[in-house]
Amino acid sequence: MNRSLPAGRCAAALALLAALCASPAALASAPRTFVSAGPLASDANASANCAPLAPCRTFAAALGVTAAGGEVVVLDSGGYGGFSIAQSVSIIAPDGVYAGIGVASGTGIAIAGAGISVTLKGLTINGLGGTTGIGMTEGASLTLIGVRVANFPAAGSHAIFVSSPVDVKIVDTVVHDSYYGVYLQDGPTAIIEHAKVLGTYTAPGAGGAFGTVYAAFTVDNTSAATATRAALSDCLANGGDYQGYVALSTAGSAGLVVDGSTAVGNYYGVYAGPGSGSSSGTATAAVSNSIFLRNHFALTAAGSATRVSSSANTITASSGLNFNNLGTGSTVLTTLGNNGADSVANAGAISLVPTK
Amino acid sequence: MIRNLSYALVLAALAVCNSASASANRTFVSAQHGVDLNSALGCSAAAPCRTFGVALGVTNPGGEIIAIDSGGYGPFVIDRSVSVEAPDGVYAGIAVPTGTGILIATAGVTVHLRGLTINGTGGTAGSIGIDLAAGSALSIEHVTVSNFVGAASYGLRAAAVQTLSVVDSTFRDCLLAVVLTNVQTATITGSRFLGTITGPASGGTLPRTGAYGVWVQSSDGVTSPAVAIVDCVVNEGVQIGFAALDGNNAGAPALDLAVDRSLVSGSDAGLGLTDANSTGATIRASASRSTFTHLRTGALGVDGAQATALLDGVTITDSAAAYAINASTGGAIKSFGNNTLSGNAVDSGGGVLTPLGVQ
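If you read the protein sequences in the order shown, they are chains A and B. The letter at position 152 of the first sequence is residue 152 when you use our numbering, and the numbering goes up by one with no holes. The letter at position 77 of the second sequence is residue 77 when you use our numbering, and the numbering goes up by one with no holes.
If you are wondering where the hints come from, they were derived from the structure by calculation, not from laboratory data. Careful, some of the hints might be misleading.
Unchecked claim - Here are a few chain B residues that face chain A, going by a calculated C-beta distance under 8 Å:
no.	residue
1	P87
2	H112
3	V167
4	R192
5	T196
6	P355
7	Q359
Said to hold, decoys possible - Not close to chain B: a few residues of chain A, all C-beta gaps over 12 Å, as computed:
no.	residue
8	G115
9	R148
10	S163
Backbone N, C-alpha and C define an ideal beta-carbon position, used for all residues, glycine too.
Starting from the given sequences, assemble the full structure and let the hints guide the process.
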């Protein structure tokens, strides 16, 4: 194309171009950015989009130049610090790379953004005084793959806390020594597979004394406008938790399905009912093909509109009761008549619905 | 070139700073370029240390030690709460020609071991891969312990600990793979106990590298162990898959073992309960949704008046005897009536199964 600008306009165009290039507000963004704890890493590299050979040092800097829906990849092992996520993104530490996030206070990874979809893979979040490991308060989807969260033991602290209607997927994840392991409140729908919540045991006493874990896996619904539910497969709650697998509802519905899982040494193995006081909502727990060993109360239904069902579970060495129906009104604790429970007392009405 | 720069920086820093070591919540070791002198700088990722033992000395309690790259790291002693981790893809080997690989003997500590490989190289008697002699809690995840074949050698020996978790780990060719003595609660999930047959059968025994997969013992009259073994596998190279021994005197609290969704194949015995004192303390073991097959002596053995086994959805096949209750010392096997015992040389006749109704 043959075009030539008059000299004046050329100069103006060049000046404009120079001004644009010099503008610090004009950050480019890339679909894939990289962070590193090595000697090449610097947050100044954000100006080059945190490229593999010029990676950024922190997630915060990398996220600032990662396109929505893109990926931040951790190149090498090191500590990366807590950060916030407000966009759709995948944060990936591949096998072989340890990406540690120490949390001295507050929340390690704070996720909030309308409609965002976030994936965290292979990260390790270690509490050093903080209150929440991974917290999501707004968004559409959260996927955790191979994540480890440890050491959030202070009362009320959460290892993983999702408190809005998010589609949650948690696989191959281990939580250690945290007051709440996985806590889903007011709207999430979750599938949780091969997740272990490990704690340090103290003998479950008559007052429900517990070890380092208050509740391993909890769905908790407090609003009539929301429903919270989770399906768990091949999960583990051990270590003398006050509650292993919990469905709480004070309003709206909270539903839990537990299959092929393990509960050892907890005060309540499975508990479904109101969070506290009375409830206008419904809590349900369907438990199957699972092993309950040395829990104080293996399966408990409480409140006025709770349904707990037990199918093909093995329930052994309960120090209190196998089936415990504390409920009133329309609360039912149903057994499918196919559970192997050694002879310890039950309490309350236990309905038998034979298998078909 | 960058590494040489790091070295130079380290040496320069050492030249100017005193001998006080920094300490950190997270320290790093490297087999390829770590130097233990870097403990003066806190074994950082940029200037890692060489050995776990030295890094531990500058790791804050509750902190983490990370192995950055593949190599050998040597045995060490853990004296504080800590996580020691080799990420997937990093081989962190601890060779144990004699003695103990990882020793934990400090009361109250919580230790996590992840991704490590502990290899007994000498076949020396009395070698131990991981020895938990005191502590509050130990979890081991994705750990491989192998070749502790000498007499009185252990893969994992744990005593007097509150909580033990073994997740997705492999114990290969260990004489006593996992032995838990007076451990309050333990869960062993997704793990494998594998051994090797070392010669032909003779005199009724088949020589193998493994004697026990998991052996739970209670002996102090105070601890009441609750141990769950879930989704685990024992192969023909291990003589006895799972065993529980209650040596308590009368009145001591119970020992409870649950074996769920597991498989024992080709061993001599699948699950054995022994109550050494026939009064007071009880052993209860449940086997659920599990399979015991091709066992040369028998799948399930109960020995002692206070020993009881529960069978819930269990399959026992192609074994010499499906079950045996010791006729002189007694014991009981209770069945929920939903088990498959067939194809064994003796399907029933090892005693009377007590029926229990399902609920």
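Checklist entry - Which of the numbered hints are not met once you compare them with the structure shown? => result 4, 5, 6, 9
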